[in-house]
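> Each chain is listed here by its residues.
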Amino acid sequence: MSSLLRKLFLPSLLQRRLATALSLLAIALGVALGLAVQLIHDAALEEFGEGVRRLSGLADFQVVGPREGFDERLYGVLALRPEVAEASPILEVEARIPGAASTLRIIGIDLFRVAAVQPGLVPIAETEPGESVDRLAGLRERNLFLTVDAERELFGERTPDVGVGHREIVVQSGLTLHRLRHSGVLPATGGRLGVMDIASAQTLFGRTGTLTRIDIRIAEGLSRQAALDALAPLLPAGVVLRRVDEAAGEAGALSRAYRVNLTMLAAIALLTGGFLVFSAQWLAVSRRQREFALLRALGLDRRQLMHGLLAEGAVIGSLGGVAGVALGHALAAVTFRVAGADLGAGFFQGLVPTLKFDPLLSAAYLLLGVLAGVAGTGVPAREAARVVPARALHAGAPGAAAMSAMHRRTGAALAALSVAMVACLLPPVSDIPVGGYVAVAAVLGAAVLALPALTHGLARLLARGRHPVWRLARARFVAAAEQVVVASAGVVASVALASAMAIMVSSFRGSVDDWLSQVLPADLYLRASSASASGFLDAEALERIRALPGVDSADSVRAIQLRLDASAPQITLLARGISEGWGLPLVSGTLAPLSDSRLPSAWISEALADRGGLSPGDELELPIAGTMHRFAVAGIWRDYARQHGAVVIERQLYEAISGDSRINDVSIRLKPGQRADEVVGALQRTFGEDRTEIARPGEIRALTLQVFDRTFLITYLMEAVAVTIGLFGIATTFAAQAVTRKGEFGMLRHLGFTRGEIGRLLALEGAFAAGAGVLVGLAGGGAISLILVEVINRQSFHWSMDLSIPFGALATFALSLVALAAAVARLAARHVMSESAVLAVKEDW
Amino acid sequence: MLKIQSLAKTLPGPPPRRLFEDLALDIASGECVAIVGESGAGKSTLLNCIAGLDGVAGGSIRVRGTEICGLDDDALARLRREHFGFVFQAFHVLPHLSLADNVAVPLWLLGVQDRVARVRALDMLARVGLAARADDPPRLMSGGELQRVAIARALVHRPAVVLADEPTGNLDPERAASVLDLLLDTIRDAGAAGVLVTHSRAAARRADRVLALEQGRLVDIRLAE
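Chains E and G are the protein sequences, given in the same order. Take 1 as the starting number for the first sequence in my numbering and just add one per residue. Take 1 as the starting number for the second sequence in my numbering and just add one per residue.
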């Protein structure tokens, strides 16, 4: 077989260089996109996990609770347990630095415990020339030790004339500013963080008596499970014990749905590449029928013929795969350089990992490339092996057999649609909407399978027309549905993908826009920092706001993070007034507290409702201030801000339970006719310009939508690649068909067609083929968008949205694509059109 | 109907070769002329020059009194659609059109109304004996039948000149004779000028005149029985 392969099959790839090159490029792009997404995310996850491991040092377990922390007395309880060899208490704060774009992570450590558990966090004091070493520097108030990265970001590169001790950092706690002294370095740790004494940190940030984490090394010889079993019951509600590896993998769990979504998009680009191989191979097989028939007559058996053709596909796939693996690494490297490890969703902002070559992953993607090549060749190879040699030698024209398969394919399309419908009903697997993805694949398959029958139907609807160019193009479209399938299978897949994403993004954006209108009803919004950072307001500040001239009312929100269990991400508790001030976009239930329940009411987001299977009227338990509290679900609301779930309870109730009267955000309504600028000025004068962030709803809306658009930028790029590959399919098909139709064009030129008219004929045929692909793709895209909106988004991110079809944009896209396809078809056949009509009719066809 | 005077054509080299020199030809309405000659003598090239598909170095070609030398590409295309009919060795029938539509293509190009075009195509198909199969696709036809379709297509728009290049080259001798008779009779009936290029002496004998292309000129010859 190897000499047969070398002499009979592989040279064919070189003969049709354009088709081979485009197929190869399509597979390379599909492989590259998938691999790049995977490489970027793997590197980001590894970097994130590495950061967690570095900070946890030798610890086996972490005790973690809500972001705001838990009672430090738990440290005393755990440290004395025989299961615990060493325990190190931690207070972690995201310190707001006035005027800076980002916060500084400050870790409060117990200098006497940290070396035994997290040696990387041991601070090294630095002294000025001539000063003696201060051995207690790590214990002194307001002394801060920075990593090299943090120092560089805050102060720039070191210069010999400025000693570290002369440098100060201003941080904000509540509305108060504090000066910290840069006292030394953390040589063993990277990342943007600083370390200070835990007691100083507690005092400075108003967190006296609070820890956010305890890192634990268990006693030698004790199994982790035994330690877990012994220690877990000692923890208060909302505080969990988890292995360091679990913590390191948390980012993976948080970003999994987004990563899977991007990988699926890349898979569709690869699938489109597979269709392109199918187009190219189908055409090649059609052209070589007589050659194959002759070989069969000379003794080549069906199996050898099929294997030879599959080998052609494998060669295209392998070369495309190798190119894709190289391109994927290059793409990942460029992304790291330009944008870090974040692909738009914000999970890995600020991380700049190093690109590593992963041989197994690369081999897997190479294999995917080979599979795409072989799968694309499968159908043409089978059809070629089926042809009866005598008939092919005589006529050389396929068609009848292909058309007879149309009915079978329509049946298969209906079966695929049924599979899609059933798959949509399946629940997610580990938060991944596997059923949804199966349904998308089934709908894509159904669209391609139904293409011949739908093309046939569409062709009948076309007016006969009077112009000969139109009539000939129409006649070919009516008679050659199979060739339309070959030309536009890739177009169907890419248009379905692009239109589905367009509908989903439009629905999502429209819903986010509506949602913003509902959740931002006030005139101004004020905060001391984001909820995760160290700025906050208090009741006195709220009263000062209310007392300002021009302010009609001011409502406050306290936002804290709760941990329901060790494996799940944290949810957000919002304590606020319900019926006034901030809006709450309910999708079910009522804003009024439940009157028939003895329990206080809570309003939960869709994510939390999905996660707990909760409906209005159900009971919900929340760990607040170390104890579990029961609530009745009064309503479910739409929340696009917090993917992992949020719950709203009355502020007064929260204060009564927790004693926490801090405020994160204030919504301010102005008196009628009051200018917002004047109130903004008054607020800045009251609190200090640097200490608060004040925004108008329009600014928040613009910023949110900007983040939204950035999140989907990568998906637009991937869609563009898929659509380009689809257009390659049109180009390949028409270039190949043009060669086989040389005689036809020559005859038409003899009959009086001008070159321009033949060009228009080809353009029209390209437009018809692409038009059929686009229409079927749009129909498939409509169905897929429903799956994206109702199944995949719902199961991945728990976001519901109102369907909004961007008719104008879709029509523009469709028409542009058809026009492009027409141009591409004409361009692809240009070399044949320019050939002599005289020579063309001389050749047998 | 077709008048050629002092036609000259040189094939590009290297070295350049003079193909025609002072070539002349005059064909009356209803007359069929066969052109024979050795391979490479320029028979097919002459047809292409007459049809305006190949350029000439000098001389004149007039069809129904219209000079075609010097016309641009589009004008030549318009001239072909009005005044010429073609029959090829390889039939060149469009596979995705019915027989009637294949025959009607030249009428479509001339803007003839659909109904009229269909009637005329059916009439031509009837004259070549294929009226009953007007709506069949070409793939169901034999080679001889396809060439009859090509003949119908060549004459349906009543051209001044019908050019046939080895029209029976792909047919067996028995079928070739009947197709050729049909072609020549139809050309004569239509009052067109027919130019038949062939290697076959048997085919050439059926024409009204036989010309040999020798050393760049056409020479009247009489073929022995």
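Careful: at least some of the hints might be erroneous.
Ranges between beta-carbon positions, derived for each pair [stated by the list, open to error]: (1) Arg205(G) x Arg382(E): 50 to 60 Å; (2) Ala126(G) x Arg386(E): 33 to 43 Å; (3) Asp709(E) x Arg78(G): 49 to 59 Å; (4) Ala412(E) x Ser142(G): 32 to 42 Å.
Example chain G residues on the side facing chain E (calculated, C-beta under 10 Å, incomplete) [unchecked claim]: (5) Leu11; (6) Ala51; (7) Gly111; (8) Leu163.
Everything labelled a hint here was simulated from the structure, so no lab data went into it. Glycine residues also receive a C-beta, built at the ideal position from the N, C-alpha and C atoms.
> Each hint should be assessed against the structure and marked as holding or not.
Each hint, compared with the structure:
1. Arg205(G) x Arg382(E): 50 to 60 Å: holds, 52 Å
2. Ala126(G) x Arg386(E): 33 to 43 Å: holds, 39 Å
3. Asp709(E) x Arg78(G): 49 to 59 Å: holds, 54 Å
4. Ala412(E) x Ser142(G): 32 to 42 Å: Given a distance of about 36 Å, which is inside 32 to 42 Å, the answer is holds.
5. Leu11: Result: violated, 13 Å to nearest chain E Cβ.
6. Ala51: The hint holds - Ala51(G) has a Cβ within 10 Å of chain E, the shortest such distance being about 7 Å.
7. Gly111: holds, 8 Å
8. Leu163: OK, holds: Leu163(G) within 10 Å of chain E, min 8 Å.
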